[in-house]
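Asker: Sequence:
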Amino acid sequence: MKTKIVYSDEYYVDIGAHVFPTAKYRLIEKKLESDKDLSSQIEVVKPDYAGDDDILLVHEKAYLKKLKDGTFTPQEILTLELPYSKELVKSSFLCCGGTMLASKSAVKEGLGIHLGGGFHHAFPDHGEGFCVLNDIAVAVRKLKKEDLIKKAMIIDCDLHQGNGTAFIFKDDKDVFTFSIHQENNYPFFKPKSDLDIGLLNRTKDKAYLAYLEKNIPRAISDFKPDFIMYVAGADPYEDDQIGNLGLTLEGLKKRDEYIFTQGKNFEVPIAVVLAGGYAYRQEDTVNIHFNTVKAGIEILGKK
Numbered sequence: 001m002k003t004k005i006v007y008s009d010e011y012y013v014d015i016g017a018h019v020f021p022t023a024k025y026r027l028i029e030k031k032l033e034s035d036k037d038l039s040s041q042i043e044v045v046k047p048d049y050a051g052d053d054d055i056l057l058v059h060e061k062a063y064l065k066k067l068k069d070g071t072f073t074p075q076e077i078l079t080l081e082l083p084y085s086k087e088l089v090k091s092s093f094l095c096c097g098g099t100m101l102a103s104k105s106a107v108k109e110g111l112g113i114h115l116g117g118g119f120h121h122a123f124p125d126h127g128e129g130f131c132v133l134n135d136i137a138v139a140v141r142k143l144k145k146e147d148l149i150k151k152a153m154i155i156d157c158d159l160h161q162g163n164g165t166a167f168i169f170k171d172d173k174d175v176f177t178f179s180i181h182q183e184n185n186y187p188f189f190k191p192k193s194d195l196d197i198g199l200l201n202r203t204k205d206k207a208y209l210a211y212l213e214k215n216i217p218r219a220i221s222d223f224k225p226d227f228i229m230y231v232a233g234a235d236p237y238e239d240d241q242i243g244n245l246g247l248t249l250e251g252l253k254k255r256d257e258y259i260f261t262q263g264k265n266f267e268v269p270i271a272v273v274l275a276g277g278y279a280y281r282q283e284d285t286v287n288i289h290f291n292t293v294k295a296g297i298e299i300l301g302k303k
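The sequence shown runs 1 to 303 under the working numbering.
What the hints contain is simulated information worked out from the structure, not anything from laboratory work. Just so we're clear, the structure is a prediction, and the values are computed from it rather than from any experiment. Be aware that a few hints might be false.
Now the in silico label distances, taken between C-beta atoms and shown as ranges [stated by the list, open to error]:
#1 R26 to N265: 30 to 38 Å
#2 E146 to G198: 30 to 38 Å
#3 T79 to D48: 25 to 33 Å
#4 P217 to K86: 41 to 49 Å
In silico PhoX-like links for lysine-lysine, alpha-carbon gap of 25 Å or less [what the hints assert, rightly or not]:
#5 K30 to K65
#6 K264 to K254
#7 K30 to K254
#8 K173 to K144
#9 K151 to K65
#10 K30 to K294
#11 K253 to K36
#12 K170 to K204
#13 K144 to K170
#14 K264 to K104
#15 K108 to K173
#16 K86 to K61
#17 K294 to K254
#18 K46 to K30
#19 K214 to K254
#20 K214 to K2
#21 K86 to K46
#22 K214 to K173
#23 K90 to K66
#24 K190 to K151
#25 K144 to K46
#26 K150 to K192
#27 K224 to K104
#28 K104 to K145
#29 K2 to K46
#30 K145 to K61
Ideal Cβ placement from N, Cα and C applies to all residues, glycine included.
Start from the sequences, fold in the hints, and give me the full structure.
Answerer: Okay, here's the thing in structure tokens:
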């Protein structure tokens, strides 16, 4: 059985000269399709757009109206840190649909992979930090609404703390939020996750992996989720433009392998979203995300 890879060319949006590499999604998909080992193991599937009812599981009606009408103040655009366009909104709705589809694939098949998503800075009433809609929260709420899961765990390994996700689920006892991130970086106000690990600048592979080994198995064992959303940011990389952690390419591979192995050991399905990644060399960002997908397929993919 082939592993489904959720992706659409429509994820690409021209946002001009910007640190966010919207071209990375297409480049990752091309690298997977051209890989002699993986290409025969995957099936690329296109998502549908999330509907308004899906978005409203998390976001407020007034914010949804602003997205459609484009009635943002200059300050709101500054907070979003992306130039507003109808294409951006369209891509965000499609990306939400992609995370929903990958999550359902995970519940059904044990692994769901989305070449996109991970927009964990979006709040119910606004977007920020390159994040328009919180696809993570929308997908989890959709699974719960359809009674496909009861308890979800979000393991957020992006460089930045998942402030929007932490805020959205702060009173939800059926969702456990875990974030391991650079402490001295955006967001400077960090709503409390169920478990936050704030790392010192230039934290290296060995220390980072030790934090995972100390905390992840215990958290899964205690909380007993029946679904994990893995936010596999590429920005803890030592050569990231806007981060200041010290993980190597090999360290990030080991991080991915560790998370997927925990899913296998505890028999919990995992959906993975890619989140951030801003390496000086775009090729490095693409390779980090490629390695994440490869690790997921090797450890949890159907043989």
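Asker: Name the hints, by number, that the structure is in violation of.
Answerer: Hints 5, 9, 12, 20 contradicted; others consistent.
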